[in-house]
Amino acid sequence: MTTCSECTSFFPFEDDDSCGDCVQRVVDPRQAYHKARPVDADNDASKCPNFNKK
Amino acid sequence: MSTATQTNITNAESKEWWWVAERERSPRLDYLRKAVWKKGAIGGNYAPGIKVNLERAQLFTESWKENEHDPIMLRKAKALAHYLENKTIFITDQAQLVGYVGTLPNTLEWYPEGASIVNEEVYNEQSVIPEPEKESLELIAEINDYWSGQTAIDKLGRVLDPEDIVKFMSGVIGWGSPTSAYGYSGKDYEYILTGKRGFEDILDDIDANIEAVEKETKGMPGPDILPLYDKLLNWEAMQIILDAVIDYANRYARLAKIIAENFETDPKRRKELLQIAETCERIPAQAPRNLQESFQLDLFIQVIARAEAYEGAWPGRPDYYHGPFYDKDVNIDKRLTKDEALDLVGEFMIRAHEVGMFGPRWTREGLQGITGTWVWTLGGVNQDGTDACNDLTVAFLQAARLVRVSNPTFGFRWHPEVKDEVMRECFECLRHGLGYPSMRNDPVLVENTMYWYGHPIEEARTWVHQACMSPCPTTKHGFQPMRMASATANTVKMVEYALSDGYDRVVSMQMGPKTGDPRNFKDFEELFQAWVQQMEWLMKILVRTVNLGRVKDPEFFGRPFLSAISERSVESGLDAVSPEGERGNCWVTFFTWVENADSLAAVKKLVFDEKKYTMDQLMTALEANWEGYEEMRLDFVRNAPKWGNDDDYVDEIMVRCLREVARHGKEIKCPSGNNWPALPENVSGNIHYASLVGALPNGRRLGDALYDGGISPGPGLDKKGPTAVLKSCAKIDHVKDGRAFLLNQRMSPTQLNGDKGYTMWKSYMKSWADLGLDHVQFNMVDDTTLRSAQKDPEKYQELIVRVAGYSAHFVDISRKTQDNIIQRTVVGL
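These protein sequences, in sequence, are chains A and B. Residue numbers 1 to 54, in my numbering, belong to the letters of the first sequence in order. Residue numbers 1001 to 1829, in my numbering, belong to the letters of the second sequence in order.
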């Protein structure tokens, strides 16, 4: 199973690498930004459209 | 922006100041200003691309279900902490300040625990449902099902008097929801924003309180220790939310570092990102040290307050509380240049402008074009009475002309010691067509604040605009934690009901008391006494409802975060919304007020004095909505005296009405035992209520726009010039007759051009101040520009107008509101 920890967008927490932030670049019609949300490292990422293998 | 630059601007450009702003502002401000997703509803509808945020509803509800055995404040703190820990965050390119109310920049926050009636609107508002729509609707339906019957408003509805709640919620007599879920709060800025403490300091205070109280709860049994158990739980809730906010800020610090170290290639921007990281590692845990940290603390407070509740106003005094940091950074340490500081000031305004929360339709129609009334207070005096204006006051007034946002706007506390340099900056904002700052008479309003509520003078001098208009201190016992102005009255119903025996013909329901068949009134006194009874009834029913909503709010809603940043709650262990410890600062907002005086005067003159018509003829015409009686209607429009012309006939009726209201405002009491004065103003309620108010003796028909509000004369009805308007308004005692009185004025941008225009405006302002008026605000946009914007809205997207207690982009308000603004008389000085 492909997991979040294998993705270039995954940045593990310093104190607990079983979780981390999924950080993505977004360019919407008005502005560009980076967004982040916490995810578990072993989340199933097989259906994630933004998955990008490290 | 230099004065030389201003004088070089051509006349053609002066009508389209937004092009000047684009040219003058920094590339950063230009990018950030254009990056904003417009959240204010356009004529009541959200702009394409705006979506409701479902993360809060989902995460909040998830935690809420898991902690069902906790008392409400603790349960809520855990639910908010869960949201802050897991929500999506973002940092916009070029931004130096971070934190947003929703998740992504185009989202509106939604509070499913607030009101089922709003939850249903979310479900049915198709344009804001995020993709994939089917899944989103299923989620919203599931969340709505869970909250149905247990939202704050649902719970309140079960304890209110059934007749009161039906009338209150009928939509025709009042405008508001008596809960913290949909309102706003003042803040104890003297506690949290003076640079003396961070959240870790508050946590230390709470730890000490818990330790002291636990000694008592483990000691001698007795009635005194029983309330302490609840307080311990409340303090625990405050600890949870303060820790959660510190962690939330650290999430931004971490994201900024990740971007700097992994994505950013520009060394200058990388440095800025590391500065954001340093700021968010410190703020809000510790006290701020510089302007960026001070703004960031304020922004986090505002964002989290809006994660906790729909806060539709933003009481603030940014020059006063952030001014010392501006002085330190720019003048003393030279850490920032003036231009760099101006970027921060402009961005702080933009961060406020971008805030969006899902509002029910009645708020979107009543506040067209904006999310809420962010009326920031500038100027004024220090607690010792000395001039409080500083370099940051000027910077805010300059930044406003660069970013040209319709929200926040400013209310400027004028007093005799304000320097000419600062007055000129206020004038330039008006001349640039912003419609703000509104000008407030500080000595009058400080006295008013003391007169109505007994605030000590030092506290009264801290006042900020609680929403559009009403002053409120920012102190431990003075700040107001809940929107008591949910007692907002559609006051034109007073005269309408006096002429209908209390029956509302629009909604076909007996609303007010039976005060007699108006056809049988033999003289004006009988009509006036009926009006007094209807006025008292309307104020009472609204105040009763809001008072109960206030005392039940800690039980039905709960505000752990607001409590945690309020000294009296940190000290007492009570929810900040508890009336205990608050001195009281309530007012009844009077929408649609002047129609009362004009209508009463019309009946007095044409029916009872001149006996031109009988009451039976008048009532027949009103019941027919004047249809078939056009000649008679025009007689009532043209030949009855109208407020705003220095005509004692109608002005004395206005003052008499206000004195009756003031008398009654001292009879009815808030939960703290203090008074409820009236505050005439309108936002855009004059349009919202147009279809809910029947025909009136001033010649108005059902559906016609009502007057634009406060004590402003009816549009086009002030025939005798601006001095006559001021003289009429000066017959009101602006201290004792009510809380504050909104006055709209339109002036010619051509006449007020340049230094000569400034001199004329200052002369007008001197008359205004000498006559003791408390408020005036200006539109300085000519009819040609407004009509051009109606014809070609795409070209005038950035045109701003003053609507009522707020400003809006002209193209975002309904055609009816646009026409209403154009109809206002342009006064010549």
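Possibly wrong hints are sitting among the right ones.
[Stated by the list, open to error] Each computed BS3-like pair below joins lysine-lysine, with the alpha-carbon atoms no more than 30 Å apart:
hint	chain 1	residue 1	chain 2	residue 2
1	A	LYS35	B	LYS1065
2	B	LYS1419	B	LYS1514
3	B	LYS1334	B	LYS1268
4	B	LYS1271	B	LYS1328
5	B	LYS1612	B	LYS1756
6	B	LYS1731	B	LYS1540
7	B	LYS1034	A	LYS35
8	B	LYS1795	B	LYS1034
9	A	LYS53	A	LYS35
10	B	LYS1231	B	LYS1611
11	B	LYS1719	B	LYS1731
12	B	LYS1666	A	LYS35
13	B	LYS1155	B	LYS1419
14	A	LYS54	B	LYS1268
15	B	LYS1762	B	LYS1720
16	A	LYS53	B	LYS1271
17	B	LYS1034	B	LYS1231
18	B	LYS1795	B	LYS1719
19	A	LYS54	B	LYS1257
20	B	LYS1720	B	LYS1756
21	B	LYS1419	B	LYS1540
22	B	LYS1134	A	LYS35
23	A	LYS47	B	LYS1065
24	B	LYS1218	B	LYS1196
25	B	LYS1419	B	LYS1736
26	A	LYS47	B	LYS1257
27	B	LYS1155	A	LYS47
28	B	LYS1736	B	LYS1720
29	A	LYS54	B	LYS1271
30	B	LYS1762	B	LYS1719
31	B	LYS1231	B	LYS1196
32	B	LYS1268	A	LYS35
33	B	LYS1215	B	LYS1268
34	B	LYS1257	A	LYS53
35	B	LYS1271	A	LYS35
36	B	LYS1669	B	LYS1155
If you're looking for bench data, these hints aren't it; they were derived computationally from the structure.
Taking the hints in turn, this is what the structure says about them:
1. For the given pair, A/LYS35 sits about 28 Å from B/LYS1065 by alpha-carbon distance, which is consistent with the 30 Å threshold.
2. At roughly 55 Å between alpha-carbon atoms, B/LYS1419 and B/LYS1514 are farther apart than 30 Å, so this suggested pair is violated.
3. Simply put, B/LYS1334 and B/LYS1268 have alpha-carbon atoms about 19 Å apart, close enough for the 30 Å limit, and the pair holds.
4. A distance of roughly 21 Å separates the Cα atoms of B/LYS1271 and B/LYS1328; the hinted pair therefore holds under the 30 Å criterion.
5. A threshold of 30 Å between alpha carbons decides the hint, and for B/LYS1612 with B/LYS1756 the separation of about 48 Å lies outside it, so the pair is violated.
6. With a C-alpha separation of about 27 Å, the suggested pair B/LYS1731 and B/LYS1540 falls inside the 30 Å cut-off, and the hint holds.
7. Of the supplied pair hints, the one linking B/LYS1034 and A/LYS35 holds, its CA atoms being roughly 19 Å apart against a limit of 30 Å.
8. Taking the CA atoms of B/LYS1795 and B/LYS1034, the gap is about 15 Å. The hint holds against a cut of 30 Å.
9. Pair hint A/LYS53 plus A/LYS35 holds up; C-alpha atoms about 19 Å apart against a cutoff of 30 Å.
10. As the CA atoms of B/LYS1231 and B/LYS1611 are separated by approximately 67 Å, the hinted pair breaks the 30 Å bound.
11. For the proposed pair B/LYS1719 and B/LYS1731, the alpha carbon gap of about 18 Å is at most 30 Å, so the pair holds.
12. Distance hint between B/LYS1666 and A/LYS35 is unfulfilled; the C-alpha atoms sit about 53 Å from each other, more than 30 Å.
13. A hinted pair counts as satisfied when its Cα atoms are at most 30 Å apart, and B/LYS1155 with B/LYS1419 does not qualify at roughly 52 Å.
14. In summary, the hint linking A/LYS54 to B/LYS1268 is supported, as the alpha carbons are separated by about 28 Å, within the 30 Å threshold.
15. Taking the CA atoms of B/LYS1762 and B/LYS1720, the gap is about 20 Å. The hint holds against a cut of 30 Å.
16. Taking the CA atoms of A/LYS53 and B/LYS1271, the gap is near 29 Å; set against the 30 Å cutoff, the hint holds.
17. Annotation: proposed proximity of B/LYS1034 to B/LYS1231 is violated, straight-line Cα distance about 47 Å (limit 30 Å).
18. Between B/LYS1795 and B/LYS1719 the CA atoms are separated by roughly 33 Å; this puts the pair beyond 30 Å, and the hint is violated.
19. With a CA separation close to 20 Å, the supplied pair A/LYS54 and B/LYS1257 stays within the 30 Å bound.
20. Among the hinted pairs, B/LYS1720 with B/LYS1756 is consistent with the structure: their alpha-carbon atoms are about 23 Å apart, no more than 30 Å.
21. Between B/LYS1419 and B/LYS1540 the CA atoms are separated by roughly 44 Å; this puts the pair beyond 30 Å, and the hint is violated.
22. With a C-alpha separation of about 25 Å, the suggested pairing of B/LYS1134 with A/LYS35 holds against the 30 Å cut-off.
23. Between A/LYS47 and B/LYS1065 the CA atoms are separated by roughly 29 Å; this keeps the pair inside 30 Å, and the hint holds.
24. Between B/LYS1218 and B/LYS1196 the alpha-carbon distance is near 34 Å, which puts this suggested pair outside the 30 Å criterion.
25. Restraint check for B/LYS1419 and B/LYS1736: the C-alpha separation of about 29 Å stays at or below 30 Å, so the hint holds.
26. About 28 Å separates the Cα atoms of A/LYS47 and B/LYS1257, which keeps this hinted pair within 30 Å; it holds.
27. Among the hinted pairs, B/LYS1155 with A/LYS47 is inconsistent with the structure: their alpha-carbon atoms are about 42 Å apart, more than 30 Å.
28. Restraint check for B/LYS1736 and B/LYS1720: the C-alpha separation of about 27 Å stays at or below 30 Å, so the hint holds.
29. The suggested pairing of A/LYS54 with B/LYS1271 holds, with an alpha-carbon distance near 27 Å, which does not exceed 30 Å.
30. For the given pair, B/LYS1762 sits about 23 Å from B/LYS1719 by alpha-carbon distance, which is consistent with the 30 Å threshold.
31. Under the criterion of a C-alpha separation no larger than 30 Å, the hint pairing B/LYS1231 with B/LYS1196 is consistent with the structure, at around 25 Å.
32. For the suggested pair B/LYS1268 and A/LYS35, the alpha carbons sit about 21 Å apart, so the restraint of at most 30 Å is met.
33. Restraint check: the Cα-Cα separation between B/LYS1215 and B/LYS1268 comes to about 54 Å, which exceeds 30 Å; the hinted pair is violated.
34. Of the pairs offered as hints, the one joining B/LYS1257 and A/LYS53 holds, with about 22 Å between alpha carbons and a cut-off of 30 Å not exceeded.
35. Restraint check: the Cα-Cα separation between B/LYS1271 and A/LYS35 comes to about 19 Å, which is no more than 30 Å; the hinted pair holds.
36. Under the criterion of a C-alpha separation no larger than 30 Å, the hint pairing B/LYS1669 with B/LYS1155 is consistent with the structure, at around 23 Å.
Of the hints listed earlier, those the structure fails to meet are numbers 2, 5, 10, 12, 13, 17, 18, 21, 24, 27 and 33, in rising order.
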